[in-house]
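> What follows is the residue order along each chain.
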Amino acid sequence: MKVSFNELQGMARKAFVGIGFEEGDAIDAADMVAWLEVRGLFGMHALKKGLEFLLQENPRALPELIYEDADVSIFDAHGNSILGSASLALELGYARARARGLSVTKIRRCHNRVLVIGYLSRLARRGINVTAFWRNAHEPLIEQWVGFRARDPEPEVCLYSLPDSPEETEPNDGITLVMANHVDLLPGLRSDFSLNNLMRQTDQDLRRQREHALVEGMEVEDDLWRTLKNLADRLLVEATQDSRSGAGAGTTDND
Amino acid sequence: MTTATAESANWMRPADQVMRLPRLGSLHASRLSFSRSLVRQMAREDWVVSTVRFDLDDHGHGTVVYRLETPGSTYHGVVFSQALDPERRSDRVIAEAWDVTFALVEGEVEDTLLAQMAANVPLQEAGRQHPRLLVLSRANKSMRNFSQFVDALGAGQQPDPAWLTAVGYLYRTTAVYGNGKFGIADYARLQRNPDFSRPFSAQMFAVYLLRHFSIEQVNHLAKIQAPHTAVPLAPALQRYMGIGNSTGLGMAPFLINHPQLIQQWVYGRERALAHARLQSATDEGMARMTALLHRARTHFQQTVTEDEEQTARNRETVQSIAVIIDWLDRTSPAPDLWVELQAWAESHCSMEAQELINTLLIELYPELIDPVEDELGCEEILELQPEMKARELLQLIESRFSWALDYDPDDDAHNHWFWYRSAEKEEPRLGVRGQEIGVEKEMPLAIGPRIHEVHWRLKRFLDTAPNGLVVEFLLANPSQKECVRRIQTMGQTSYGEIQANLWHRDMKPMHLLRTKLSFFGASRFDPKSDRWVRVTLFQGAPLFSELFSHHGTDEKRLNQLDDWSFPVEPDQVEL
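Sequences listed follow chains A and B, in order.
By this note's numbering, the letter at position 45 of the first sequence is numbered 45, and the numbering carries on one by one without gaps.
With positions in the second sequence counted from 1, the corresponding number in this note's numbering is that position plus 255.
Quick caveat, the hints were computed from the structure, so don't treat them as lab data.
Because the structure is a prediction, the values reported are computed rather than measured.
Glycine included, C-beta positions come from ideal geometry on N, C-alpha and C.
Hints are not guaranteed to be accurate.
Partner residues aside, some chain B positions facing chain A, computed with beta carbon under 8 angstroms [to be verified]: (1) Met398; (2) Glu638; (3) Ser677; (4) Leu816; (5) Trp819.
With a Cα cut of at most 16 angstroms, we get these calculated EDC-like pairs of lysine to aspartate or glutamate [unchecked claim]: (6) A:Lys229 / B:Glu563; (7) B:Lys783 / A:Asp255; (8) B:Lys696 / A:Asp255; (9) A:Lys2 / B:Asp366; (10) A:Lys229 / B:Glu679; (11) B:Lys696 / A:Asp223; (12) B:Lys763 / B:Asp584; (13) B:Lys680 / A:Asp71; (14) B:Lys680 / A:Glu238; (15) A:Lys2 / A:Asp223; (16) A:Lys48 / A:Glu238; (17) B:Lys680 / A:Glu23; (18) B:Lys696 / A:Asp71; (19) A:Lys229 / B:Glu380; (20) A:Lys106 / A:Glu52.
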């Protein structure tokens, strides 16, 4: 079925509250999903992949701050989705960069990392340069870079697989974010490096995708939409005779 | 003459006067209301509406398609009229069928799109709507007016204008959806569209088009009923006919969930008022003000409602207007007369009458005021400032949100109501805390108590971290994130927050409804209980046929067309 941007955002927001997210986190999570989807970056697909885990997690569990100094913050999300209250980890990085010129934020052990892009857009709008980096899997090893220029809500996105996998000792389930006050951090690809399956989207590509989605609507899977609707319905209060009078009007208006 | 300057900003009323709920609940439609703005725009830009399909049967049921051409684009209005079992005729959002359903479409309506719409528009929320629809709506007949009008016109008589004074329409809408609801186009698509970029202008146009349909339909039925004797509805009555709207608590969440938009609307109105107050009153201005007051007095004398409280408010307004006219008669023009009038009214007139004066002051200076109508929209995003010191946030609350600190968590009266959505079509409802089910699912609409909680937690946080940042406060209190970013964002504005505890036993939801309806341009407030109301839109507005430029586009004519506030019953001579 086709849905509008506002409809998707609204349904996702209610579904996240239905799951148990705090109001602010539900708003942010819905914005992150809708932000990606309207730019053709498969936000609903990412949500679908993470939904099963989300339903088993404590939606209000904060990532644990395990190290911080004036420039660097390291969080452990304990395997939870980045959609939860990870936004506050990013906000700490933002505050640090504002004070120190540059900050590095690492969130270990989290999933749904691609969805973080929407929140980074929010930070960039406030005037910070942001780059995020993460690796998706071991075989083939996929790296993703996202870079926002300060004040520009549209990023550049690079996704590619490496021809050879270096020897890994750590699982690739973290995300690293660098924020800078005054310096562009857009991902510039090394011209002499051999990359496979390169996907690169510029800010213009993403703007075009968004315009297209706003005209044509966005296709979402019926099953996923039903699931979100069922979660959203958890917020609704069963109707009773008393509650009907709580809305005021009568039930027939033949005057 | 003063232009929009910083000087006028100094004359703006303080938020703790303007944003109190009883004051907002006393607002009237003004020349900045969305319906007024739309009609001005249609006249100025010479919008042309034509009928491209008129397939109504002898019962007035069928499909009608109108074409709208603006200077840059083409749209279509599609109306589906159907038979409705009286048992199913309900103005509540929980209704499932209506007398007419309609939509405004961007571009052409091809056969395939019309077929898709015919299958879905009549279902409203239960259908899946096409993304080229800008507005989706429905309306029910005023049964009494409808049959009386058809019978009178069929008999060759004009209907009694008093019928329209009692109920100012043939149809009343029960919801007018925009912004992506049920698959229709997102508002983001309209933001760069000069025809409908202003808030709710597409919805207002759809309602205006329904008014045109209602006139054509009633003429059609009278002719079918009595082909040899029927006469068309007289232009004066067509003008006096509006479109009703029946509104319940569904409007309340919008006002709370869009504080930046409310800021734009109220700021625009208050800035316009400040401009107007600064003008030096002249003989001509005083004469115009007196004429407007006379018309408004007749309008309120003629306004009918069964609601005792609103009846008393209307009566007080009428009495106040008489006193104001008398005051103006005894007063000479002076540079600060309008400031004096406003100050005098605050101690001598009812709140509705005070706001009426303000509305009429705005009316006097269109060349200063009208540019404000392009500033009533905004991009909405509540932004966190994580780097702010927590103690600054505390100071911000105490200086800008002191009204919220009046909340007393231990006082039952302060915690009386809760707001929730019913399983019946997600209809917003009010329940009494401790007596009705659903409190664990309440909607977080009461901003005052939430700010109070942030304040309470901040004080405790600062006890242990006096130099802490807001982000550190939030890492310790993550549930407060949404409220904190709202405080930080709205703390930079004057008028976004309605200064009321929406849980309080004495809170009147009707004030919330009237706030929004006044910005739409509604008149004839007719409360049916403490939480739903019927109003009329576009009563007195010029007709499509009067807007077309072959009547001339000089400024004088455009000003005459725009002069339709506080409409009064036409007399027999006009028929």
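> For every hint, state whether the structure bears it out.
Hints versus structure:
1. For Met398 of chain B, the interface hint holds, since its Cβ comes within 8 angstroms of a Cβ in chain A; the closest pair sits about 5 angstroms apart.
2. Restraint check, Glu638 of chain B versus chain A: the minimum CB separation of about 6 angstroms is within 8 angstroms; hint holds.
3. Given hint, Ser677 of chain B at the interface with chain A, holds; its Cβ is 5 angstroms from that chain's nearest Cβ, closer than 8 angstroms.
4. Residue-level restraint check for Leu816 of chain B is violated (minimum Cβ-Cβ distance to chain A is 33 angstroms; threshold 8 angstroms).
5. At a threshold of 8 angstroms, the smallest CB-CB gap from Trp819 of chain B to chain A is about 26 angstroms, leaving the interface hint violated.
6. Taking the CA atoms of Lys229 of chain A and Glu563 of chain B, the gap is near 42 angstroms; set against the 16 angstroms cutoff, the hint is violated.
7. With a C-alpha separation of about 13 angstroms, the suggested pairing of Lys783 of chain B with Asp255 of chain A holds against the 16 angstroms cut-off.
8. With a C-alpha separation of about 35 angstroms, the suggested pair Lys696 of chain B and Asp255 of chain A falls outside the 16 angstroms cut-off, and the hint is violated.
9. Our distance criterion of 16 angstroms between C-alpha atoms is broken by Lys2 of chain A and Asp366 of chain B, whose separation comes to about 20 angstroms.
10. For the given pair, Lys229 of chain A sits about 14 angstroms from Glu679 of chain B by alpha-carbon distance, which is consistent with the 16 angstroms threshold.
11. At roughly 25 angstroms between alpha-carbon atoms, Lys696 of chain B and Asp223 of chain A are farther apart than 16 angstroms, so this suggested pair is violated.
12. Using a Cα cut-off of 16 angstroms, the hinted pair Lys763 of chain B and Asp584 of chain B is violated, with the two alpha carbons roughly 37 angstroms apart.
13. As the CA atoms of Lys680 of chain B and Asp71 of chain A are separated by approximately 50 angstroms, the hinted pair breaks the 16 angstroms bound.
14. Restraint check for Lys680 of chain B and Glu238 of chain A: satisfied, since their Cα atoms lie roughly 11 angstroms apart, inside the 16 angstroms limit.
15. With a CA separation close to 13 angstroms, the supplied pair Lys2 of chain A and Asp223 of chain A stays within the 16 angstroms bound.
16. With a CA separation close to 28 angstroms, the supplied pair Lys48 of chain A and Glu238 of chain A exceeds the 16 angstroms bound.
17. This hinted pair does not check out: Lys680 of chain B and Glu23 of chain A have alpha carbons roughly 21 angstroms apart, beyond 16 angstroms.
18. The hinted pair formed by Lys696 of chain B and Asp71 of chain A fails the criterion: a straight-line CA distance of about 41 angstroms is larger than 16 angstroms.
19. Taking the CA atoms of Lys229 of chain A and Glu380 of chain B, the gap is about 14 angstroms. The hint holds against a cut of 16 angstroms.
20. Pair hint Lys106 of chain A plus Glu52 of chain A does not hold up; C-alpha atoms about 25 angstroms apart against a cutoff of 16 angstroms.
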